[in-house]
Amino acid sequence: MMENMLFGRYVPAESLLHRMDPRSKLLIIFFFVCIIFIANNGITYAFIAIYTFIMLTMSRIPARFLYKGLKPVIWLVIFTFLLQLFFTQQGTLLYRLGPVKIYEEGLKQGLFISLRFLFLILMTSLLTLTTTPIEITDGLESLLNPLKKVRFPVHEMALMMSIALRFIPTLMEETDKIMKAQMARGVEFSSGPLKERIKAVVPLLIPLFVSAFKRAEELAVAMEARGYRGGEGRTKYRQLSWKTADSLQLLVLIALTVLLMLFRS
Amino acid sequence: MDISLSHVEYRYQAKTPFERIAIQDVSIDIPSGTYMALIGHTGSGKSTVLQHLNALLQPTKGIVKIGDREIKSRQKNKSLKPVRQKVGIVFQFPEHQLFEETVEKDIIFGPMNFGVSEEEARKRARLALKHVGLGEEILTKSPFDLSGGQMRRVAIAGVLAMEPEVIVLDEPTAGLDPRGRKEIMDMFYSLHKERGLSTILVTHSMEDAARYADQIVIMQQGMVIKKGTPEEIFSDPIDLMKMGLDVPEVVRFQLMLEEKIGTHLGQIYLSIEELSMAVASLVSGGVRS
Ligand SMILES: Nc1ncnc2c1ncn2[C@@H]1O[C@H](COP(=O)(O)OP(=O)(O)OP(=O)(O)O)[C@@H](O)[C@H]1O
Ligand SMILES: [Mg+2]
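Each protein sequence line maps, in turn, to chains A and B.
Each residue of the first sequence is one higher than the one before, starting from 248 at the first, in the working numbering.
Each residue of the second sequence is one higher than the one before, starting from 4 at the first, in the working numbering.
In case anyone wonders, no lab produced these hints; they're calculated from the structure.
Among the hints, erroneous ones may be present.
[Stated by the list, open to error] Over the 12 Å line for every Cβ pair with chain A, so calculated as not near, a few chain B residues: (1) K75; (2) R77; (3) L101; (4) F112; (5) F147; (6) H207; (7) S274.
[To be verified] Using 25 Å as the maximum straight-line C-alpha spacing, the simulated DSS-like pairs for lysine-lysine come out as follows: (8) B:K64 to A:K424; (9) A:K424 to B:K263; (10) B:K185 to A:K318; (11) B:K185 to B:K133; (12) A:K424 to A:K446; (13) B:K144 to A:K315; (14) B:K144 to B:K108.
As the structure is a computational prediction, the values presented were derived from the model and not from experiment.
Backbone N, C-alpha and C define an ideal beta-carbon position, used for all residues, glycine too.
Let the sequences and hints guide you as you build the complete structure.
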């Protein structure tokens, strides 16, 4: 039942992007999100498109799967496009049919904004598709480390995040199991009147909460039993290693930025 | 109610990179009144098969017939409630499904979902509690205040109170103490005998399979590799052991005895009583070589 939640899941594969340091990937995504706003004409958008396309190809994630992951958000993209198309009233009039008027600027803005949206979604999902949640947390912890100086609880946040991420699949599995058990007892989750369906949530949520609390307690005990005492002086089992490929990727992105600056109008 | 699976295949997360075939080409017939044991290593697809028996899963290939309902791949299934009422499933660790404030409310939850009146459901709850060996004083307690074993029994009572025609058990006694196990297994067996309840039991215990079942199905890597009566299945213990499966202790004892005294008893005995008789007659008749 929870099986079709694909967006933002890690897909194991052998690719350059999978092997990269999570820190460089995080930085790249962060910069990409910023520089995409530099693009403002056909040629700069073409650069962004080419860059995104190359990154997607390098990830070796099957296109069919990308498409499936995108399906839920594609409507949002189309909706953004239509919104811009119909409500921007600048530039020359291209087409009119009764009250519907389409202006050149509207078409341009619609295309650009929906494309920007699409590229942002593709690139950010590329991060989660090629990086395990644990790697992302490790990367974030390492990148945010300087904030420790101002007493920001970086380690605790990272730990919380990695525990939460670790238990998402478990929770989904559990949800699936309990749903099935209650369905076998005559609960209908996906059909019947709305009121019934809302009531059906109770026999699902209560067991889920009960087991989540139990699990949290067990985890806390297990961690203490193994001597966990917070982040002070703690060494890492998974070492991050910054490789040449990571630096190169960042350089490519800088080059892209320069190109965008040069060609923007 | 007859249930049959023919050439059933099931893929989890079909059409994604995480796709995996859990069972394939599984054909099993479960005529009304059968007691069938399903055996196999962990991950061999037993639980997946079970979930087809009341249409919790829809096959990705093949046909499942439950009474006169047919469940095929790629069809929309309207109202499966009647099917689910007739086929009750006790899942692995069923205590995880408890959620009501009191034991009684939890037990009557299933029957009432299927349209049984509250009064009738309460009556059934008391009867079901008796079956699982709990006293009525427990009815007003919170299910979360019970011990693990009691919770398990309450959960089982919740399924029994639905009064299904077929009961499907996924390792119902995992984690119980030996006496509790025997009580529960004997209870299911007597329900099977008295009410003609079809029973499908997933178990890792060859003893239970040999003692209770009249049909055994063995699964390996998502496929049925052997099926037959216990006599047929255990008549070739060497073959079972090659598959990495256990044989009942009685059979193991007989094999070792035969090896030590260098003679064969002629047939495989599945109960201690029968085997001891055979050995006794062998001893009194003198040991031949
Ligand atoms: N929800 C799921 N999503 C993906 N794969 C699953 C899911 N449930 C089971 N599987 C896979 O299907 C296969 C069969 O699993 P199943 O639970 O039917 O085995 P089983 O015989 O019941 O094992 P056990 O004795 O451990 O209960 C396994 O390889 C398992 O990894
Ligand atoms: Mg199982």
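Status of each hint after checking the structure:
Residue-level check passed: K75 of chain B sits 19 Å from the nearest beta carbon of chain A, beyond 12 Å. A cut-off of 12 Å between C-beta atoms confirms that R77 of chain B is not in contact with chain A; the least separation is 15 Å. Distance check for L101 of chain B against chain A: the nearest CB is about 7 Å away, which does not clear 12 Å, and the non-interface claim fails. Annotated as non-interface, F112 of chain B brings its C-beta within 12 Å of a C-beta of chain A; the closest such distance is 6 Å.
The Cβ of F147 of chain B sits about 7 Å from the closest Cβ of chain A, inside the 12 Å cut-off, so the non-interface label is violated. At the 12 Å boundary, the C-beta of H207 of chain B stays outside the reach of chain A, the nearest C-beta of that chain being 19 Å off. Taking the minimum C-beta to C-beta distance to chain A, about 33 Å, the non-interface status of S274 of chain B holds against the 12 Å cut. The hinted pair formed by K64 of chain B and K424 of chain A meets the criterion: a straight-line CA distance of about 23 Å does not exceed 25 Å.
For the given pair, K424 of chain A sits about 49 Å from K263 of chain B by alpha-carbon distance, which is inconsistent with the 25 Å threshold. For the hint pairing K185 of chain B with K318 of chain A, the CA-to-CA distance comes to about 52 Å; that exceeds 25 Å, so the pair is violated. The suggested pairing of K185 of chain B with K133 of chain B holds, with an alpha-carbon distance near 16 Å, which does not exceed 25 Å. Note on K424 of chain A and K446 of chain A: the hinted pairing holds, with a Cα-Cα distance of about 18 Å set against a maximum of 25 Å.
At roughly 48 Å between alpha-carbon atoms, K144 of chain B and K315 of chain A are farther apart than 25 Å, so this suggested pair is violated. About 10 Å separates the Cα atoms of K144 of chain B and K108 of chain B, which keeps this hinted pair within 25 Å; it holds.
Hints 3, 4, 5, 9, 10 and 13 from the list above are not met by this structure, while the remaining hints are.
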